Amino acid sequence: MGHDAHAEPEKKPGKLGLLGKAYLPAIAQGLLHTLGHIVKWDHNTLNYPDEKRAPFPGYRGEHRLTRDEQGREKCVACFMCSTVCPAHCIEIVAEEAPWPDREKRPKIFNIDMMRCIYCGMCEWACPCEAIELTEVFNIPVRTRAEKIYDKERLLSN
Amino acid sequence: MSDSGAGMVSWVLNGDPVESPAGMTILEAAKAHGAELPHFCYHPGLSIAGNCRICLVETNRSPKPAISCSERISDGLEVQTHSEKAVEAREGVMEFQLINHPLDCPVCDKAGECTLQDYSFDHGPDESRFVEKKNIRHTKDLGPTIKIWGNRCIVCTRCIRFCDEISGTGELCVVARGDRSVVDVFPGIPIDNPLAGNVVDICPVGALISKDFMFQSRVWNNEHTETVCGGCARGCNVTVETNEGFVKRLMPRENTDVNDWWMCDFGRYGWRYAHDDRRVSVPRRGAEAVETELEAHRDLGELVRGAWGGSKKVAIVVDPFLTCEEAHLVGRVAAGTGATVGGWLPPSGDELTFPGKFKISGEKCPNRRGVEAVLGQEVFGSQAKAVESMLNSGGVDLVIVFAGFPNADCPDALASAVGKATARVAFTLFDGAWSEAADLVLPSASVFEKEGTYVNEDGRLQRVRSKDRPGDAQLAQPGLHSASISSPWVTSELVALQRALVHVGDAERSLSAAGVFRQLADSNEHFKGQSHRGIPATGVPLGGLAPAGVGEGSES
Amino acid sequence: MMEWFAENPVLSGIIKAVVLFAVPMQIVPGLIYFERRICAWIQDRKGPNRVGPIGALQPLADVVKLLMKEDIAPKGVDRAIYVLAPALVFIPSMLAFAIVPVGMDLQVFNPNSGVIFAITIGSFAVYGLSFGGWASNNKYSLLGGLRSSAQMISYEAALFLALMSALMMAGTVDLNVVVRDQIAHGWNIWRQPVGAVLFLVASFAETNRLPFDLAECESELIGGYHTEYTSMKFAMFFLGEYIAMITMSALMVTLFLGGWSMPTFLLTIVHDWFGVAISFDQVTLGTMFWSIVFFSAKTSALLFLFIWVRWTLPRFRYDQLMRLGWKVMIPVALANLAITATVIVLMED
Chain A
1 MGHDAHAEPE KKPGKLGLLG KAYLPAIAQG LLHTLGHIVK WDHNTLNYPD
51 EKRAPFPGYR GEHRLTRDEQ GREKCVACFM CSTVCPAHCI EIVAEEAPWP
101 DREKRPKIFN IDMMRCIYCG MCEWACPCEA IELTEVFNIP VRTRAEKIYD
151 KERLLSN
Chain B
1 MSDSGAGMVS WVLNGDPVES PAGMTILEAA KAHGAELPHF CYHPGLSIAG
51 NCRICLVETN RSPKPAISCS ERISDGLEVQ THSEKAVEAR EGVMEFQLIN
101 HPLDCPVCDK AGECTLQDYS FDHGPDESRF VEKKNIRHTK DLGPTIKIWG
151 NRCIVCTRCI RFCDEISGTG ELCVVARGDR SVVDVFPGIP IDNPLAGNVV
201 DICPVGALIS KDFMFQSRVW NNEHTETVCG GCARGCNVTV ETNEGFVKRL
251 MPRENTDVND WWMCDFGRYG WRYAHDDRRV SVPRRGAEAV ETELEAHRDL
301 GELVRGAWGG SKKVAIVVDP FLTCEEAHLV GRVAAGTGAT VGGWLPPSGD
351 ELTFPGKFKI SGEKCPNRRG VEAVLGQEVF GSQAKAVESM LNSGGVDLVI
401 VFAGFPNADC PDALASAVGK ATARVAFTLF DGAWSEAADL VLPSASVFEK
451 EGTYVNEDGR LQRVRSKDRP GDAQLAQPGL HSASISSPWV TSELVALQRA
501 LVHVGDAERS LSAAGVFRQL ADSNEHFKGQ SHRGIPATGV PLGGLAPAGV
551 GEGSES
Chain C
1 MMEWFAENPV LSGIIKAVVL FAVPMQIVPG LIYFERRICA WIQDRKGPNR
51 VGPIGALQPL ADVVKLLMKE DIAPKGVDRA IYVLAPALVF IPSMLAFAIV
101 PVGMDLQVFN PNSGVIFAIT IGSFAVYGLS FGGWASNNKY SLLGGLRSSA
151 QMISYEAALF LALMSALMMA GTVDLNVVVR DQIAHGWNIW RQPVGAVLFL
201 VASFAETNRL PFDLAECESE LIGGYHTEYT SMKFAMFFLG EYIAMITMSA
251 LMVTLFLGGW SMPTFLLTIV HDWFGVAISF DQVTLGTMFW SIVFFSAKTS
301 ALLFLFIWVR WTLPRFRYDQ LMRLGWKVMI PVALANLAIT ATVIVLMED
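So the sequences go chain by chain: A, B and C.
Each residue of the first sequence is one higher than the last, beginning at 1 in our numbering.
Each residue of the second sequence is one higher than the last, beginning at 1 in our numbering.
Each residue of the third sequence is one higher than the last, beginning at 1 in our numbering.
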C-alpha cells in the first residue's frame with residue numbers, strides 16, 4: 001500500500017498515568033458536569049397540559065381531506081397517497097362520481113392513524129391538494145378502531 | 001455479404017452491420033437486434049397503419065425520417081434510431097400527441113401501464129407549449145362492456161383494425177376530422193362481439209376502458225399470476241391480476257401457438273364465480289359444517305381406507321376441471337380401491353372461429369385431454385356410462401364425485417344415480433344436485449386457486465398457477481365486491497386427495513403439485529420427460545396426444 | 001431510657017423491630033422521589049411535579065399503582081422460588097441495617113460479631129437475584145441472575161477486605177467502638193483513603209447500581225432478573241435495591257465517615273447556633289438526638305452521591321467489570337490490608 005494522502009495522522013491517545021487509569025479524574029469531571037446542570041436550574045420541559053407550545057410551521061399532525069368550493073371532497077381517488085405511503089395506512093376504494101365535472105371519487109377513504117408515521121408524503125403526492133396534514137395531534141381514543149378515520153371523519157378534521 | 005443466407009438482408013443498425021430475414025420492417029428487425037423503438041399504432045397482431053409516427057428513424061434512403069413500423073429493410077439500408085434528427089422528430093411527434101391529451105392520469109385506469117405515459121417520460125417535453133383550449137371529444141359507452149374517453153384518444157386505430165381483422169365484426173370507426181377525430185361506433189350498433197375486451201388491452205392510452213375494471217384498482221397495485229384460462233378447452237394463456245387477494249381482471253398473455261395476443265370476453269369476465277357468496281367454502285357432513293378442513297380430509301381418508309384393497313364397490317366420477325396432478329391422485333385412489341372411474345362433461349357450447357384465426361372452443365372445460373391422458377381415453381365415454389349404470393344398479397359402497405364446474409350442474413340422471421350409493425363424497429364449487437346427494441361435501445378450488453397443469457384441446461401442456469390466498473382479501477377490503485370468498489382458504493383437491501392417501505398409508509407425505517407431477521411423469525408415457533420447471537411459459541405440446549378432433553367419438 | 005430497654009427485653013425487641021422495619025420503609029419512597037427529581041435536574045427536566053405539592057406525593061401514587069397492578073406470573077416459572085426471590089432480596093438488606101448504630105449507641109441490636117453479621121446477612125441478597133433470574137423461565141432473566149451472582153461474589157471480597165482495613169484501625173468489630181475510635185483519632189477516610197474508595201466502589205457493585213447495574217442492564221437484558229416480575233413482587237426488588245443502598249451508605253458512614261459523631265469544629269458551630277453543648281463522652285438524650293441528626297445528614301449526602309453517580313456515569317462492560325473487580329480492587333485491597341497491618345504492628349512496637 002502506498003501513502004494515502006487523505007489519511008489523517010493517527011491520533012495517539014495521551015498517556016493516562018496511574019490516576020487516569022483509575023478513571024478517577026474523568027469520573028470527577030463527569031460528576032462536576034452533571035452537578036453543573038443541577039445548579040444551572042434551566043429546565044426545558046413544559047408543563048404540558050397547562051402550558052402549550054404553538055406548533056411550528058409545517059407541523060405534521062392528523063390528516064384532513066379538503067373540500068372544494070361546492071363542499072365536495074376534492075379527492076379523486078387516484079391512489080397516489082396510498083401508493084406513496086410508506087406505512088401502508090391509507091385504504092381507498094374508488095367509485096364513479098355522481099357529478100358531471102368529476103369522474104371518480106373515493107367511496108371508502110380510511111386512514112389508520114395508529115399505523116401512520118406522519119411523514120406527510122401523502123400531502124406531497126396528492127395532485128389535487130385534497131389531503132393535508134393539520135396541526136391536530138392530541139385526540140385520544142379508547143379503542144384502536146376509533147383511530148381508523150373514515151372519509152367523514154377526515155373531511156371534518 | 002457472401003455468407004448471407006437465402007432471404008437474409010444485410011443492413012446497418014446504428015452503425016453496426018446486422019442481418020435480418022427479408023421482408024421484416026425496420027421496427028421488428030431493430031427489436032430483434034435489441035433496439036426498442038416506441039410505437040403506438042403498431043401491434044404485432046394487426047396490420048400496419050403507420051399513422052402515429054412515434055417510431056420515426058433516420059435512414060440513408062430518404063432525407064425525411066422514415067416510419068420504421070412500415071418501412072421494410074433492404075440491403076444497404078442504414079438506420080439511425082437515436083441520431084439527433086430521429087430523436088428530434090420523435091420529440092416533435094410526442095409534443096403533438098400530448099397537445100389535446102388531458103392531464104387526467106390520476107383518474108385514468110390506464111395510468112401505470114400507459115404507453116403514452118412511458119413515451120412521454122422517455123421522449124416527451126417536460127412542459128407543454130400549448131396555451132390554447134384543449135378540444136373536447138365525447139365520453140360515452142361504446143357497448144355493454146366498453147366505454148370511451150374521447151379526449152384521451154390518439155387515433156392510432158388499433159381498436160378499429162382489431163375489429164376489422166381479428167374479430168371481423170367491424171363495429172368501430174373514426175368519426176370527425178383533424179384534431180377532432182375520435183373513435184366511435186356506428187349509430188345503434190354497439191361493440192358487443194365476444195372479443196370486444198381486447199380493444200381495451202391494445203389501446204395504448206386510456207381511451208377505451210373496460211367497465212368491468214373501471215376504478216377497481218390502480219394497475220401498479222395488482223399482483224400478476226401467469227396462468228391459463230379455465231373457460232374452455234382452448235386454454236388461452238392469461239395473466240390473472242389480483243389485488244389484496246381479489247381477482248381484479250384477466251389479461252391475455254402472448255402465445256402465438258394458442259391465443260396470439262387475445263382472449264374472449266367469456267373468459268375475461270368469467271372470474272366472478274370465484275368470489276361468489278354462494279360458493280361452498282366450508283366442508284360439511286350433510287348439512288352440518290365440519291370444524292376444520294383437516295377433519296374433513298380425515299373423514300375422506302377414513303372412507304377411502306375402508307374401501308382400500310378392493311373389498312368394496314367404489315365408483316369415482318371425475319370432471320374435466322381437475323388438473324393432471326389431481327387426476328393422477330384420483331388414479332391412485334382408484335387403483336388402491338379397485339374403483340371404476342368415469343367422468344362427466346359440461347354441456348358443450350358453440351365453437352367460434354374468428355377471421356383472425358382466434359378460436360373459442362365448444363368444449364367448455366379446460367382439461368378434458370389431460371384427464372383422459374391420465375385416466376384413460378374412455379374416461380368420459382364408455383367408462384362414464386359404465387359408472388352410471390353401476391351406480392343405478394345399486395350396491396355401490398362409496399362414490400366420490402368431483403364437480404368443479406363453475407356454471408352448470410351435473411346431469412340429473414347422474415345425480416340421482418349418485419344418490420343411490422351408500423357413502424357419497426362430493427367435491428363441489430356450488431351447492432346443487434351433487435352436494436344434496438352427498439354426505440361429505442368438500443369445497444372445490446376454482447381455476448384461480450389451483451396449482452398444476454392443464455392439457456388443452458391441441459394436446460398442449462400448460463401450467464396453471466394459483467393466485468395468492470383468496471381469503472386474505474376478506475379482511476383487507478370489505479365491501480369492494482358484493483360477494484367475497486367467505487372461507488379463509490380453499491384447499492384444492494390436490495391437498496385433500498393427498499391427505500386421504502397419507503391417511504390410508506399409500507403415501508408418506510403430501511407433495512406440491514410439482515412433486516405429484518414428477519410421479520405422473522414417471523408413470524405415464526404421455527408425460528414422460530416433462531416437469532413443472534421444464535414447461536415454458538407458453539406451454540409444450542405433449543407427444544402422443546391426439547390433437548383436436550381425434551377422440552371426439554367418445555363424447556357422451 | 002437505656003435501663004428501661006435493658007429491663008424489658010421483649011417489649012424493646014418488638015419496638016426495635018418495628019422501628020427497623022418502619023424507618024427504611026419510610027425513607028425509600030422519599031428516596032425514589034429524590035432520585036427522580038435529581039435525575040430530571042441533571043437532564044434539564046423538571047421531574048415529577050404533578051402529584052401533591054411539588055410532586056411530593058408521586059411515590060405514594062407509584063406505590064398505589066404498584067399495588068393495584070395485575071400480578072402476572074408467566075408460564076413455566078418455578079412457582080415457589082419465583083415468589084421467594086423478591087423477599088430474599090428485600091429481607092437481608094433490611095437485617096443488615098439492624099446493626100448499624102444510627103445514633104450514639106443506638107442500634108436495633110448489637111451482636112458480638114458486629115459488622116461481620118451485616119456483611120454475612122447482606123450477602124444473602126445474591127440468592128434473591130439469582131433465584132429470580134432462575135425461576136423466571138426467561139433467558140434474559142437467567143443471564144441477569146448469573147451476572148448478578150458473579151458480580152456480587154467478586155465485589156463482596158473487595159468489600160470485605162476494604163472493610164477489614166477500617167476495622168483494623170479500631171481493632172474491633174463493634175461498630176460503636178469503631179465510631180469512638182474515629183472520634184479519638186480522626187475519621188477513617190483520612191486514615192484509610194484507599195480503603196474508603198474501595199469500599200465505596202464495591203458498595204456500588206453490591207447494590208447493583210450504575211455504573212455496575214449489569215444484572216438489570218435494560219439495553220441488553222430488558223430488565224435482567226426482574227424482567228418477568230410485576231406488581232408488588234417487582235416492587236419488592238425495587239425496595240430491596242433502595243434499602244441496600246441505605247444500608248451501604250450507613251455502613252460507609254459508620255466505618256469511614258465518623259458514624260454518628262462530628263468533628264469538634266462542627267460541634268462548636270452547633271453550640272454557637274443552637275446553644276447546645278454536645279459531648280460524646282456520655283450518653284444523654286440530647287446527644288443522642290444530635291448524633292442521629294449527624295448520622296442522617298452524612299447518610300443523606302452519601303445517598304445523594306449514589307444517585308448523582310447513577311445519572312452521570314455510563315454502565316461498565318461486563319468484562320471490564322470483572323477485570324476491575326479481580327485484577328484491580330482485590331489486589332489493591334489486599335496490599336492495603338498488608339500495609340495497614342504492618343504499620344499497626346510497627347507502631348505498637
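Hints should not be assumed to be uniformly reliable.
Listed next, the stretches of chain A that the computed footprint assigns to chain B, with coverage defined by at least 3 CB atoms under 8 Å from CB atoms of chain B [what the hints assert, rightly or not]:
#, segment
1, 76-84
2, 89-102
Simulated pairs of lysine-lysine, DSS-like, Cα-Cα distance not exceeding 27 Å [as the list claims (entries may be wrong)]:
#, chain 1, residue 1, chain 2, residue 2
3, B, Lys-359, B, Lys-211
4, A, Lys-104, B, Lys-140
5, A, Lys-104, B, Lys-134
6, A, Lys-107, B, Lys-147
7, A, Lys-147, A, Lys-52
8, A, Lys-52, C, Lys-46
9, B, Lys-133, A, Lys-74
10, C, Lys-46, A, Lys-40
11, B, Lys-64, A, Lys-74
12, B, Lys-133, A, Lys-104
13, A, Lys-21, C, Lys-327
14, B, Lys-359, B, Lys-385
15, A, Lys-74, A, Lys-104
16, B, Lys-312, B, Lys-385
17, B, Lys-420, B, Lys-312
18, A, Lys-107, B, Lys-211
19, A, Lys-74, A, Lys-52
20, B, Lys-147, B, Lys-312
21, B, Lys-140, A, Lys-74
22, B, Lys-64, B, Lys-31
23, A, Lys-104, B, Lys-312
24, A, Lys-151, B, Lys-359
25, B, Lys-31, A, Lys-107
26, A, Lys-104, A, Lys-52
27, A, Lys-40, A, Lys-52
28, B, Lys-211, A, Lys-74
29, B, Lys-211, A, Lys-104
30, C, Lys-69, C, Lys-139
31, C, Lys-46, A, Lys-15
32, B, Lys-359, B, Lys-420
33, A, Lys-74, B, Lys-420
For the record, the hints were derived by calculation from the structure and aren't laboratory data.
Here the structure is a predicted model, which means the values were calculated and not measured.
Cβ atoms here follow ideal geometry from the backbone N, Cα and C, with glycine treated the same way.
Hint check results:
1. 76-84: holds (count 6)
2. 89-102: holds (count 5)
3. Lys-359/B - Lys-211/B: The given pair, whose Cα atoms are some 24 Å apart, holds under the 27 Å limit.
4. Lys-104/A - Lys-140/B: With Cα atoms ~15 Å apart, Lys-104/A and Lys-140/B stay inside 27 Å; holds.
5. Lys-104/A - Lys-134/B: 21 Å, holds
6. Lys-107/A - Lys-147/B: Answer holds: Lys-107/A to Lys-147/B is near 21 Å, not above 27 Å.
7. Lys-147/A - Lys-52/A: Satisfied, since the Cα-Cα distance of roughly 23 Å is no more than 27 Å.
8. Lys-52/A - Lys-46/C: 16 Å, holds
9. Lys-133/B - Lys-74/A: OK: Lys-133/B and Lys-74/A at ~23 Å, within 27 Å.
10. Lys-46/C - Lys-40/A: Holds, because 12 Å separates the two Cα atoms, which is no more than 27 Å.
11. Lys-64/B - Lys-74/A: 48 Å, violated
12. Lys-133/B - Lys-104/A: 23 Å, holds
13. Lys-21/A - Lys-327/C: Distance of about 13 Å is within 27 Å: holds.
14. Lys-359/B - Lys-385/B: 30 Å, violated
15. Lys-74/A - Lys-104/A: It holds: about 10 Å lies between the C-alpha atoms, which stays within 27 Å.
16. Lys-312/B - Lys-385/B: Distance of about 20 Å is within 27 Å: holds.
17. Lys-420/B - Lys-312/B: Distance of about 15 Å is within 27 Å: holds.
18. Lys-107/A - Lys-211/B: Roughly 17 Å between the alpha carbons, so the hint for Lys-107/A and Lys-211/B holds.
19. Lys-74/A - Lys-52/A: Outside the cut-off at roughly 32 Å; violated.
20. Lys-147/B - Lys-312/B: 60 Å, violated
21. Lys-140/B - Lys-74/A: 24 Å, holds
22. Lys-64/B - Lys-31/B: OK: Lys-64/B and Lys-31/B at ~22 Å, within 27 Å.
23. Lys-104/A - Lys-312/B: This hinted pair is violated, its Cα atoms lying about 63 Å apart.
24. Lys-151/A - Lys-359/B: Between Lys-151/A and Lys-359/B the Cα gap is close to 47 Å, so the pair fails against 27 Å, i.e. violated.
25. Lys-31/B - Lys-107/A: Violated: Lys-31/B and Lys-107/A sit about 44 Å apart, past 27 Å.
26. Lys-104/A - Lys-52/A: Violated: Lys-104/A and Lys-52/A sit about 41 Å apart, past 27 Å.
27. Lys-40/A - Lys-52/A: Holds, at about 24 Å.
28. Lys-211/B - Lys-74/A: Satisfied, since the Cα-Cα distance of roughly 24 Å is no more than 27 Å.
29. Lys-211/B - Lys-104/A: 13 Å, holds
30. Lys-69/C - Lys-139/C: Holds: Lys-69/C and Lys-139/C sit about 24 Å apart, inside 27 Å.
31. Lys-46/C - Lys-15/A: The given pair, whose Cα atoms are some 40 Å apart, is violated under the 27 Å limit.
32. Lys-359/B - Lys-420/B: Since the Cα atoms of Lys-359/B and Lys-420/B sit roughly 41 Å apart, the hinted pair is violated (cutoff 27 Å).
33. Lys-74/A - Lys-420/B: 64 Å, violated
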